[in-house]
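Trainee: Sequence:
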Amino acid sequence: MRKNTDLHAAEEALEDAADVAIYDERKAQLKTEKALPADATMEILRGRLTHAELAQINIRHSE
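Count along the sequence shown from 1, add 1, and you get the number used in the numbering used here.
Hints listed in this document are in silico derivations from the structure and should not be mistaken for laboratory results.
You may find that some hints are simply not true.
Ranges of calculated distance between the beta carbons of each label pair, as one might list FRET restraints [said to hold, decoys possible]:
hint	residue 1	residue 2	range
1	4	33	43 to 49 angstroms
2	54	23	42 to 48 angstroms
3	26	47	29 to 35 angstroms
4	24	49	19 to 25 angstroms
5	45	8	42 to 48 angstroms
Predicted model, so just to flag it, every value in this text is computed and none were measured.
The beta carbon of each residue, even a glycine, is placed where N, CA and C say it ideally should be.
Take these sequences, add in the hints, and give me the full structure.
Mentor: Here you go:
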């Protein structure tokens, strides 16, 4: 029974490590990305901005 417990603990540790790696990667991405302008955010929330228009804003905003 002890081996099953150890194996389960090892599997949990691997899953936790993978989750931490994903979190760290996303956190690093947030540091390099710039926020959208407030007016663009409002247009998105109102549903007035198409995907193509949003892509153009992202291109201009990242330059």
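Trainee: The structure should be examined with respect to each hint, and the outcome stated for every one.
Mentor: Right, here's what the structure says about each hint:
1. Against the hinted window of 43 to 49 angstroms, the Cβ-Cβ separation of residue 4 and residue 33 comes to about 44 angstroms, which satisfies the hint.
2. Restraint check, residue 54 to residue 23: a C-beta distance of roughly 30 angstroms breaks the suggested window 42 to 48 angstroms.
3. The beta-carbon spacing between residue 26 and residue 47, approximately 31 angstroms, falls within the hinted interval of 29 to 35 angstroms.
4. Checking the proposed 19 to 25 angstroms range against residue 24 and residue 49 shows it is violated: the Cβ atoms sit about 33 angstroms from each other.
5. Between residue 45 and residue 8 the CB atoms are about 47 angstroms apart, so this pair conforms to the stated range of 42 to 48 angstroms.
Checked against the numbered hints listed earlier, the structure breaks hints 2, 4; every other hint is satisfied.
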